[in-house]
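Fit chains S and P to the given chain Z structure using the hints.
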Amino acid sequence: MARSAIRLGELAAEFGCELVGDPQVTVSRVATLSDAHSGGLSFFVNKAYRDQLRSTSAAAVLLRPADAGDCPVNALLVEDPYLAFAKIAGLLHPQPDLVAGTHASAVISPSATIAANVQLSAHSTIGDDVTIEADVFVGPGVVIGPRCRIGKASRLLANVTIVQDAEIGERCIIHPGAVIGSDGFGNAQSDKGWVKVPQVGRVLIGNDVEIGANSTIDRGALDDTVIEDGVRLDNMVHLAHNVRIGQHSALAAQNGIAGSTTIGKRCMFGGQVAIDGHLIICDDVIVGGKSALTKDVKEPGYYVGTFSAEKDKEWKRKVARFRRLESLVSRVRVLEKKADDE
Amino acid sequence: MARSAIRLGELAAEFGCELVGDPQVTVSRVATLSDAHSGGLSFFVNKAYRDQLRSTSAAAVLLRPADAGDCPVNALLVEDPYLAFAKIAGLLHPQPDLVAGTHASAVISPSATIAANVQLSAHSTIGDDVTIEADVFVGPGVVIGPRCRIGKASRLLANVTIVQDAEIGERCIIHPGAVIGSDGFGNAQSDKGWVKVPQVGRVLIGNDVEIGANSTIDRGALDDTVIEDGVRLDNMVHLAHNVRIGQHSALAAQNGIAGSTTIGKRCMFGGQVAIDGHLIICDDVIVGGKSALTKDVKEPGYYVGTFSAEKDKEWKRKVARFRRLESLVSRVRVLEKKADDE
Amino acid sequence: MARSAIRLGELAAEFGCELVGDPQVTVSRVATLSDAHSGGLSFFVNKAYRDQLRSTSAAAVLLRPADAGDCPVNALLVEDPYLAFAKIAGLLHPQPDLVAGTHASAVISPSATIAANVQLSAHSTIGDDVTIEADVFVGPGVVIGPRCRIGKASRLLANVTIVQDAEIGERCIIHPGAVIGSDGFGNAQSDKGWVKVPQVGRVLIGNDVEIGANSTIDRGALDDTVIEDGVRLDNMVHLAHNVRIGQHSALAAQNGIAGSTTIGKRCMFGGQVAIDGHLIICDDVIVGGKSALTKDVKEPGYYVGTFSAEKDKEWKRKVARFRRLESLVSRVRVLEKKADDE
Chain Z
21 MARSAIRLGE LAAEFGCELV GDPQVTVSRV ATLSDAHSGG LSFFVNKAYR
71 DQLRSTSAAA VLLRPADAGD CPVNALLVED PYLAFAKIAG LLHPQPDLVA
121 GTHASAVISP SATIAANVQL SAHSTIGDDV TIEADVFVGP GVVIGPRCRI
171 GKASRLLANV TIVQDAEIGE RCIIHPGAVI GSDGFGNAQS DKGWVKVPQV
221 GRVLIGNDVE IGANSTIDRG ALDDTVIEDG VRLDNMVHLA HNVRIGQHSA
271 LAAQNGIAGS TTIGKRCMFG GQVAIDGHLI ICDDVIVGGK SALTKDVKEP
321 GYYVGTFSAE KDKEWKRKVA RFRRLESLVS RVRVLEKKAD DE
Chain S
21 MARSAIRLGE LAAEFGCELV GDPQVTVSRV ATLSDAHSGG LSFFVNKAYR
71 DQLRSTSAAA VLLRPADAGD CPVNALLVED PYLAFAKIAG LLHPQPDLVA
121 GTHASAVISP SATIAANVQL SAHSTIGDDV TIEADVFVGP GVVIGPRCRI
171 GKASRLLANV TIVQDAEIGE RCIIHPGAVI GSDGFGNAQS DKGWVKVPQV
221 GRVLIGNDVE IGANSTIDRG ALDDTVIEDG VRLDNMVHLA HNVRIGQHSA
271 LAAQNGIAGS TTIGKRCMFG GQVAIDGHLI ICDDVIVGGK SALTKDVKEP
321 GYYVGTFSAE KDKEWKRKVA RFRRLESLVS RVRVLEKKAD DE
Chain P
21 MARSAIRLGE LAAEFGCELV GDPQVTVSRV ATLSDAHSGG LSFFVNKAYR
71 DQLRSTSAAA VLLRPADAGD CPVNALLVED PYLAFAKIAG LLHPQPDLVA
121 GTHASAVISP SATIAANVQL SAHSTIGDDV TIEADVFVGP GVVIGPRCRI
171 GKASRLLANV TIVQDAEIGE RCIIHPGAVI GSDGFGNAQS DKGWVKVPQV
221 GRVLIGNDVE IGANSTIDRG ALDDTVIEDG VRLDNMVHLA HNVRIGQHSA
271 LAAQNGIAGS TTIGKRCMFG GQVAIDGHLI ICDDVIVGGK SALTKDVKEP
321 GYYVGTFSAE KDKEWKRKVA RFRRLESLVS RVRVLEKKAD DE
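Chains as they are written, first to last, in my numbering: chain Z, 21 to 362; chain S, 21 to 362; chain P, 21 to 362.
The shape of chain Z in the complex, shown without the other chains:
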């Protein structure tokens, strides 16, 4: 599938672009407008970079028809240049090829089932009753615990831990250090301290899901934790037990979703968002970075709840005013009473 160079004529035909330029020119890599020299394909969508567009020496640029006039080189005109760019970049820079086989240092349970064309890298450990389907990449230091299934063509990068009782779909990418299938945080209070509540659910992950480095996804307490197809999780995202994430939702880095919360389809959350437990967030909800959600969300739209930092002194003055709001309200009440008495 990897391509070392592609002619612009071919790209235009394959990706529905209108080519303004030489169809015989080839591109071999993607690059920024300012860095894309011979053979480089770039794209233009953000008008802040218009000057860079005007002076680019890229082999070709993907851009909207309306911007064509500013392009000094071969232009591939298309309605969504970034999407076209993503797809073409995927051809020019594909995931590295598998080197099928089992490294001598890999340790594999006799009860594991490993399909053909699987790469088990150095120092990987495959536990009891694990099933690994075809074309899977298991990176160095990866540990897959008991009763897990890794779907076709998925890639578990270095030092990932799939703890136990997890099913991962096809074509997923799990980035280094991620932990999937760990115990949920279940504790019952007693007069002698916390009693651990065994976590007997699973984690079910759909197809085409990507999970960022050092993220953690706990398995369910009784029912399962569920990540549907096409979900994108950035680095250090935490999903507690019994969370459900709907198709094609994308959570930026350091999100924390508390237990039993259900998130709809096509949601997009900025970084460091926190969502309380046992909530239901509907489809198509966008949440601004660092916001907290503490109630169900029943209407699609953009939600936010943060203050932007400002100079210390100014902020402190505002916070002091905020803390005395009650007294300001009383003062207004007094004025209103006086006005009424007149």
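Hints are computed from structural coordinates only; laboratory data are not their basis.
You may find that some hints are simply not true.
In this list, chains with the same sequence are indistinguishable; a pair is considered to hold if it fits within one copy or across any two.
Calculated lysine to aspartate or glutamate pairs in the EDC-like style (CA-CA distance at most 16 Å, straight line) [as the list claims (entries may be wrong)]:
1. Lys107 / Glu330
2. Lys67 / Asp211
3. Lys216 / Glu362
4. Lys318 / Asp117
5. Lys331 / Asp304
6. Lys285 / Asp42
7. Lys318 / Glu330
8. Lys285 / Asp211
9. Lys358 / Glu38
10. Lys315 / Asp303
11. Lys172 / Glu153
12. Lys285 / Asp303
13. Lys67 / Asp304
14. Lys333 / Asp90
15. Lys285 / Asp90
16. Lys336 / Asp211
17. Lys331 / Glu319
18. Lys67 / Asp361
19. Lys107 / Asp304
Same frame as chain Z, now just chains S and P:
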């Protein structure tokens, strides 16, 4: 200790429940009310699930005497159904048995002391002067650095790193990817940049402590970082150097506790809480998720400091009002002056 | 470079201190004022510890000339006692010595170039076209992926993953579980879901950089992610693709910096700070813990944007007032109109 099935009569006697039903019926697993078919034991505490209780086909349900009327199946009546559930679940679904022995790929320093009945898994590394007590589980890829001690029956799951100079008590569970005993963040400013301050303290962890996946606990700068008995840390919790956490406190995911802060006993913090350094938080403090604590807390109780996200437009209007509070106060002052002048 | 004991006379000369006491006395370790018995060197800067200074039995104390009167033992007088302490502690407690050599269990690509005096620990994995310079420590379980370079005398502690296409400078310390060079979070929206955008940039890390446990640094999308010399990152810091951090900046734990943001030199951010993408933060900016930055910062200084948690009831009352600010403003407007009409 694991039990494949237990008669209800036995459970009632052992856990102080009143049985309304057949003492000969057995339960073999725990499950939700809606999913607990033959052999399944469930519990009911949250009234939101009353409909599920009324239609459950569980073998038996743990619930409060007051709710007995809604239970269509065998009922185990008890004041704290969730606690009883946790204990019984622990019998039916115990931690997996140890398979004592050292995997051929484990690497062990000659100066380490390993007790009997310890499991050292594949690709584990045990450093100099480490002591591992009986019945300890060391998972695949675990690294234990110099001068650490792991207490009896503790479990270090896959890819955990115990860096150095850490003592871990008995029956602790350390989840995958956690790092314990790393350098504290100690830096002195010089005109040539930061000078690293060597961290010469230890981490001391009590008994029955559970530490979540990908959490990090730094060792002390000079004195020790201390986690007392029975503490529960969720995933991705960060404890800086010289933090102290009192017995039976529980910190939810992504908490960050800055250096030298002392947290009392039985505290409970929601997710993404941040606590400043050098603070003292007394016993029995509950902090709402995503809140920041910047001052000592001397009184038990529930503390919170967050805004819940709302629709972008409404939030922006409120923030704009907040930013102009100073001017509103001035306007009220003018009105007060006018009123006084009359 | 390590020293088992140093005479006070020598320390005074080497670090520009004025010695009030016996130059023949030696110190062999650093400790707190209250714990520094024979041979212990301590320091005093925080007046909260003055009582401990007065009763210390340290062999010697580093402190400011103005505080000399309270020191009952040998005193090393210096303008910046903490900085002198850091330097002396570095002599008494240096990084552990390398044990050069390759552990039998290490797995090394034939295309890797490993300099002399490198320690490759148990279960480490060195990928294709990797270059490791002299005096580097590679800890147990470390994975270094293709096309990475590790500079002279750097230390990668246990279970670190250097994913691919990363250059790490000299004398860096990467703490356990950190992931460097992972894919940035690049996704293009299509009507069939997200299309992954290949990440073809690198991570470039300067000299004398320290990166905390379980931190993640993504490589660039097209251009590179860049961390300049002397930067300090605490645990669980997330740097997205194409972030740039200027020399000697220090970010406390759980910071999250979104894509393409540039942070200046000598900045200092408290814990859990979040910075939006595509921002430019100038030199010498200090940000209070848990604050969010959503705009460029063009002026050095201290920025903050958080509320400290308080008792639940009081907080809720204030938030309710905040939510009704619009109506308060209307009431003031009515009063103003009435006053004008009189």
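Hints, verified against the model:
1. Lys107 / Glu330: Cα proximity of Lys107 and Glu330: none, with 40 Å in one copy and 35 Å across.
2. Lys67 / Asp211: neither (63 Å within a copy, 24 Å between copies)
3. Lys216 / Glu362: Answer is neither; intra-copy 67 Å and inter-copy 69 Å both fail.
4. Lys318 / Asp117: neither (44 Å within a copy, 46 Å between copies)
5. Lys331 / Asp304: between (35 Å within a copy, 13 Å between copies)
6. Lys285 / Asp42: neither (42 Å within a copy, 45 Å between copies)
7. Lys318 / Glu330: between (33 Å within a copy, 12 Å between copies)
8. Lys285 / Asp211: This pair counts as between: shortest inter-copy Cα distance 13 Å, intra-copy 42 Å.
9. Lys358 / Glu38: neither (73 Å within a copy, 65 Å between copies)
10. Lys315 / Asp303: Classified as within: same-chain Cα gap 15 Å, cross-chain 29 Å, threshold 16 Å.
11. Lys172 / Glu153: within (5 Å within a copy, 38 Å between copies)
12. Lys285 / Asp303: within (5 Å within a copy, 41 Å between copies)
13. Lys67 / Asp304: neither (26 Å within a copy, 30 Å between copies)
14. Lys333 / Asp90: neither (45 Å within a copy, 35 Å between copies)
15. Lys285 / Asp90: neither (38 Å within a copy, 36 Å between copies)
16. Lys336 / Asp211: Answer is neither; intra-copy 42 Å and inter-copy 31 Å both fail.
17. Lys331 / Glu319: between (35 Å within a copy, 9 Å between copies)
18. Lys67 / Asp361: neither (60 Å within a copy, 51 Å between copies)
19. Lys107 / Asp304: Neither: 24 Å inside a copy, 41 Å across copies.
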